[in-house]
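If you want the building blocks of each chain, they are given just below.
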Amino acid sequence: MPDIFLLLVGLFLPLFPLSMVFNALFNRVQHVVLRCLLLLGWPHIGLAIIHSTDTNVPTWIITWALATSLLYALRMLALRGVGQWNSFLATSMWAMLWLTTTDLNQSMHHVYAFGITAPLLLLALLSAGLEKRFGAAYTDLYGGLAQSIPRFSGVLVVVILAAIATPLFPGFFIMLKFIMDTSVAMPTATFALLGIWLLWSWAGVRLLQGLIVGPASQNNEGEVSDLNLMSCWSYAVVLIALILSSVYLSGGLL
Amino acid sequence: MMSKLILFIILLPVLSALLTHLLQGQLGRCVARISVAATLLSVILSGVLLWLSLSGHLVGESISISPWTIIYFDSLSILLALVISLISLIVHIYSLRYMAEESGYARFFMLLDLMTASLLLMVAAADLISLVVAWHFVGVFLYFLLGQDTRSPSAYRYAFWTLITYRIGDLPLVLAAVLLFQAYGTWSLPVIFEQLNQSPNAHSVFGLPLPEVIGILIALAAFARSAQFLLHTWLPYTMDGPTPVSALMHAGIVNAGGILINRFAPVFANTSDVLQWVFIVGFISAVIGSVLMLVQNDIKKSLGYSTMGQMGFMVMECGIGAFSLAIYHLIAHGVFKGTLFLSAGSVIHKARKDDGVPKDELYTFVVEKRPVITRKPWLLMAAITLIVPLAILIVSHWLVAEDYFQKQGAIILLFFGWITGAQLIFATYRTHATNLWRLVMISILSFAIVILGYVFISHAFDVYLYPDAAFREKLFAAASIEKIRFDILVALITITIVVGWLVAYYSERNRIGKHPRYTGRLWTMFYALISRELYMTDLYTLLTRTILSSANKLNIWLRWN
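Residue numbers (this note's numbering), protein chains in the order written: chain C, 1 to 254; chain X, 1001 to 1561.
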């Protein structure tokens, strides 16, 4: 694969420091639809470029990708902005797609990319919902969402769990696949993957605790509207669809 | 057909959780009755299944639904399904009134149901993915149960400790699952175990035989779940959660380590050194848990460390190859610790009226006109600790097996009974009594029951859980150590018990608390160390802050992109 292609793929399947481009762009774009489009399209461009050339990915790229993923997983721990958290998690997850560039066919590769991105799309929508209600989507700013907007909080909890690869969401099975692919050939990569997974959980719990825990802010009570029942069911349907599709594709419903 | 009952038992709490969530608007607080009824039904069905299993009406071992949805209905899963659903039912009933004033009443019962379902799936999972999923879910649901009060940041802080320790424990299990799949090409545990037994050394990984690596990983996962030393700090601090959750956690969830080790018994039977390390970790946890328990002034925290000590014992039992004994231990511990937690509230309530500080003996005799209380004779109590186990050893020789004296595992079992019994005798020796001989008789009886429990009940559990005598021998063989090391260990335990009695005698003669200057200083230093819980929590807090501050610095350097 020519170097220019590698650089280009490194931009879309983010490798540090090229990954900073996506994160800067995501933070600059404020409109929720544009953010969702960015999340939906970005890794697929990288995958399309990779599959358009038949060259093997060098091993050092995989090490670089894992280092990028680890770096962003670690940095997520100190984030307070929900939007930024979302883009860092996307970066950390998409960098892992380099691991399967050699043994997956193109369509399956795109399914993987979509599987890990889908919960992030829902989180982007929820982040926009928070901005609409409070003017900003930051942890430890208002807190106590479980008290003031319980339905929204419930959906937020499940979406964050889905985003950090909790079973039975697609991320869980994709992480299992990554670990299976590396466990024999690259044990160090396996340990790195497990460490990254742990950091995601840690970051996810910190984000949740900063948003839903605590007494309801008196300013919020009665002023902030909760998620309506229709939206709540829509989120539930999408999440159930994600679970069913991932269980089906992994062979659990055969 | 009857074997499919186990599937229904697992799905029942899931269905109940769903109904509880959907009907909470219509039924209000009465919705909890759905949850209780479903759990009661689970108990009845589990009881039926156990009866079928004991009477030999169940044929087969597992049901396969898909490549990674395989459910065991073997003796281990059936027995534990009954235990879990029974403990869950007690917690459900207790919570009906206990949680009545709390917000999120329906959510609490929904989470209890989901937790019960996860635990049931964990014990019945016959494939690696279901096991990993259930193992992971237990941690997630426990986090939300402990954080039932969403207004309390401290409840969530400690719930986070639990979750992160559980996640640390999830990872070795995931790795073990993946390595087993890579080696055998299937997720099915029965198939893997069968192939493993046929040729244990067919595969190697990281330069070691596969069973050794898997054994280490499974043990690590079990250590995190069962609060073994270095991974224990979450357990005593999770007391901000509701009392029923503490009861469920200490009576059921924390035992998962022992269950996991038992599930992977065929792997451990083919290891050479892993069980010895398991024993050492269990021993350290038992000692440290028991010591830390003694210095706590908060009843729930004290019970938390007591659980750590008990889990240490359970892991030690696995470490000596007495796997079924660990199951007996976890059931017995679950019952008594659950009761203690559920009654902790009334103890606190009683303590508000009476501080429990013993009154001066002269005061009670002269003012309250109560008879003088006496302590049991030292020599008699010391003699009981020696004579009763010896008598039971001889009886066991007649009743259980002719060659009982020659079995290393049996001797160790007896030693476990002896240590536990000696602890009991020490405890009763410290209590003062008005009717001396009545207490002596109770002590002898309790001691005999403890040792009989270890010898006969463990034998009954052995026969039910591991009917293959050759496999039981193999487990003991995997855990056995060289004769000289074994003899040294036996001698050390004997010396510890004898020294314990001598210290008790010496303390009584010189009145406790009056130490010479040098030993007094040492004692104070030791007390300071254990009252700070060996500085483990401080160390972990420091480590956490360092990681978070590094992450923050990285973000600043990289301009948050």
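To be clear, the hints were calculated from the coordinates, so they are not data collected in a lab.
This structure is a prediction, so every number in the text was calculated from the model and none was measured.
Don't take every hint at face value.
[To be verified] DEER-style ranges, computed between Cβ atoms: (1) GLY1207/X - ASP54/C: 51 to 61 Å; (2) GLY1207/X - ASP3/C: 29 to 39 Å; (3) GLY195/C - LEU1023/X: 40 to 50 Å; (4) LEU1096/X - ALA48/C: 53 to 63 Å; (5) ASP54/C - TYR1535/X: 52 to 62 Å; (6) ILE240/C - TRP1277/X: 24 to 34 Å; (7) GLY195/C - VAL1499/X: 21 to 31 Å; (8) ALA1202/X - THR102/C: 41 to 51 Å; (9) HIS51/C - TYR1540/X: 41 to 51 Å; (10) ILE1530/X - THR102/C: 19 to 29 Å; (11) THR102/C - SER1272/X: 48 to 58 Å; (12) GLY251/C - GLY1025/X: 30 to 40 Å; (13) GLY251/C - ARG1545/X: 35 to 45 Å.
Positions of the beta carbon are idealized from the N, C-alpha and C atoms, including for glycine.
- prompt: How does the Cβ-Cβ distance of THR102/C and SER1272/X compare with 48 to 58 Å: does it lie in that range?
  reply: Since the Cβ atoms of THR102/C and SER1272/X sit about 37 Å apart, the hinted range of 48 to 58 Å is violated.
query: That 53 to 63 Å hint for LEU1096/X and ALA48/C (C-beta), does it hold up?
result: The hinted range 53 to 63 Å holds for LEU1096/X and ALA48/C, with Cβ atoms some 58 Å apart.
message: Quick check on a hinted range of 29 to 39 Å for GLY1207/X and ASP3/C, using CB atoms only.
response: 37 Å, holds
task: Determine whether the Cβ-Cβ distance between GLY195/C and VAL1499/X falls within the hinted range of 21 to 31 Å.
output: Given about 45 Å between the Cβ atoms, the range is violated.
query: When you take the CB atoms of ALA1202/X and THR102/C, is the distance between them in 41 to 51 Å?
result: With a Cβ separation near 28 Å, ALA1202/X and THR102/C fall outside 41 to 51 Å, so the hint is violated.
query: Quick one: are GLY251/C and GLY1025/X within 30 to 40 Å, going by C-beta?
result: About 37 Å separates the Cβ atoms of GLY251/C and GLY1025/X, which means 30 to 40 Å holds.
query: Between GLY195/C and LEU1023/X, is the Cβ distance one that fits in 40 to 50 Å?
result: 43 Å, holds
query: CB of GLY251/C to CB of ARG1545/X, is that within 35 to 45 Å?
result: 43 Å, holds
Outcome for the supplied range 51 to 61 Å, where the beta carbon pair is GLY1207/X and ASP54/C: 35 Å, violated
message: Looking only at beta-carbon atoms, does the pair ILE1530/X, THR102/C fall within the given range of 19 to 29 Å?
response: Check failed, 54 Å falls outside 19 to 29 Å.
message: Is 41 to 51 Å respected by the C-beta to C-beta distance linking HIS51/C and TYR1540/X?
response: Since HIS51/C and TYR1540/X have Cβ atoms about 45 Å apart, the given range 41 to 51 Å holds.
query: Do ASP54/C and TYR1535/X keep their Cβ atoms within the hinted range of 52 to 62 Å?
result: 57 Å, holds
Hints 1, 6, 7, 8, 10 and 11, counting from the list given before, are not met by this structure.
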